[in-house]
Amino acid sequence: MSPRQILGKVGLWLAVFVIVSPAILFFLWMASLSLKFEVDNAAYPPVFIPENFAWKNYADVLASNRFLTYFVNSLIVTGTATMLAMLIGVPAGYGIARMAAHKSAVVILIARITPGLSYLIPLFLLFQWLGLLGTLAPQIIIHLVVTVPIVIWIMIGYFETTPLELEEAALIDGATRWQVFRHVALPIARPGLAVAFILAVIFSWNNFVFGIVLAGRETRTLPVAVYNMISFDQLSWGPLAAAALIVTFPVLLLTVLAQRQIVAGLTAGAVKGG
Amino acid sequence: MSVTTQAASRAAQTEAAPERELRPPSYWPFVVPALVVVLAIIIFPWLFTIWMSLSEWKVGSPTTFVGLANYLRLPNDPRFVEAVGHTIVYTALSVLLPLIFGTLAAVVFHQKFPARGFLRGVFIMPMMATPVAIALVWTMMFHPQLGVLNYLLSLVGLPPQLWVFNPGTVIPSLVLVETWQWTPLVMLIVLGGLAAIPIEPYESAEIDGANFWQMFRYITLPLITPFLFIAGMIRMIDAVKSFDIIFAITQGGPGSASETINLYLYSVAFVYYDLGYGSAIAVVFFILIVILAAVLLYLRQRTAWTEIGGGA
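Top line first, the protein sequences correspond to chains A and B.
Residues in the first sequence are numbered from 1336 upward in steps of one, following our numbering.
Residues in the second sequence are numbered from 10 upward in steps of one, following our numbering.
If you are wondering where the hints come from, they were derived from the structure by calculation, not from laboratory data.
Please note that the accuracy of each hint is not assured.
Said to hold, decoys possible - Covered stretches of chain A, going by a simulated chain B footprint (3 or more residues, C-beta under 8 Å):
{"no.": "1", "segment": "1340–1351"}
{"no.": "2", "segment": "1451–1459"}
{"no.": "3", "segment": "1573–1582"}
All of these numbers come straight from a predicted model, not from anything done at the bench.
No residue lacks a Cβ here, since even glycine has one placed at the ideal position from N, Cα and C.
All chains should be modelled from the sequences, with the hints used to inform the complete structure.
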């Protein structure tokens, strides 16, 4: 290697380091906050790696009854909203792609542009009228606003690129459209299903604005629960940071493990929920 | 400039995708369930919101039709006017800064280096992480006495700041969080643009003795302009309606110094339960977003034309 090439390599690694460090340092600091006793969190200059790790912060958060309830709530809301969106959205994406009904995508665009709060005003009244407030049903239904457009949007993209020849051959052999969808189109589009599923789960899990209005004491999801901890426990940073890390850890893990799928999905539709 | 022309016309072609005429009705059953759901949770709320915006509609009192009265209240509502100003400043900064940093990051991620995929995964973590969770950590970092940011400032010899606790610095501080969070999305979109650039113009530029900066300015930048517009538009839509970060860190405070339209909408609808007025704000807010998006689209078409004109 010539000196110039070596210089280029060093420069490149320096640039990579500078670019990635805001993300890495932030999450390391988050972990540091969550593993320190109050003495260390209040120290100046700040302590990065404490002498004694406060694993107790995590134990406290996990041991509280409520946190488990909220965790289960989040699982139910995100799980149901994602499964329903897949059941409804995957066939819809297939139908729209095959009918080449590109104009219908405008509705999805509107859903993408609309602030989440605007759905809340009419749906809040509707849920009140139906007597659903106080259960998880309103949150599951309103999370569909996030998950259904993501799934439809991504699946349209995938079904448009899958080859038609196989499907046409199956139709000529006498298969129904449903059989073609189930046994020919769906298996080919499996990578797309993974992308749609992962993004729907993440954006539903992260959603905050719907819960802050619709959730009662017993029906909070984790982001709302963490927000409420801020207002009540302003000063105990350790447990707070631990709770925040527990809430977002599944998402971070998924991001690093499935970064290929996530990048594919985000650049295809550039979707984001809420 | 011929490459630019080609890229521009290619972009124009993909935009006007030819529509197939054949529409076999047998695919309808696939779409019907989604259609019902979309009508119920997206279209119905919109129509209902428009109707509500024409009424005096407060929780616990009878509803009366008031025509456009809610809309006429808006220009005379100082808090709304102030919120529009905050939204414009917040959005402008939250589009511009991620565009700059995201483009630089994309240029770096376009190079080949070991563990690139993994590092890209790490780089996009801020935008995927739960917003409330990261807002909570930023709140701790902004703390004037115990926060790590003031310690970092002291290391480089700068005076401590009040960050989100000072009306003068609250919006820039929130923009810092928003930039940290959403630079990765711009990076991903621009990275997609860079991947589509052919290698030939760089080869001929290298023969002609162009340096890195010249190649970036005269080859890369014109070719990724369409992608910068897409990124800018998405960023604009998201920044205008940003809620989680602002709400969790400042709730629009101190006072109302960081209250954007979306936060004011929340207060009107779900703190004061003035649902009619809240609906009017929601409608105006939506129209504002659509207009901004349309202006950006128009600008994008204009630049495509000037690039073609410049090549001729």
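*Would you say the segment 1451–1459 of chain A counts as covered by chain B, given the rule of at least 3 residues with C-beta under 8 Å?*
With 9 residues closer than 8 Å to chain B, the segment 1451–1459 of chain A meets the three-residue bar; holds.
*asked:* Using a Cβ cutoff of 8 Å, are there at least 3 residues of the segment 1573–1582 of chain A near chain B, or does the coverage claim fail?
replied: holds (count 5)
*asked:* Is the listed coverage of the segment 1340–1351 of chain A by chain B valid when you require three or more residues with a beta carbon under 8 Å from a beta carbon of that chain?
replied: Answer holds; 4 residues pass the 8 Å Cβ test.
Against the hints set out earlier in the document, no violation occurs for any number.
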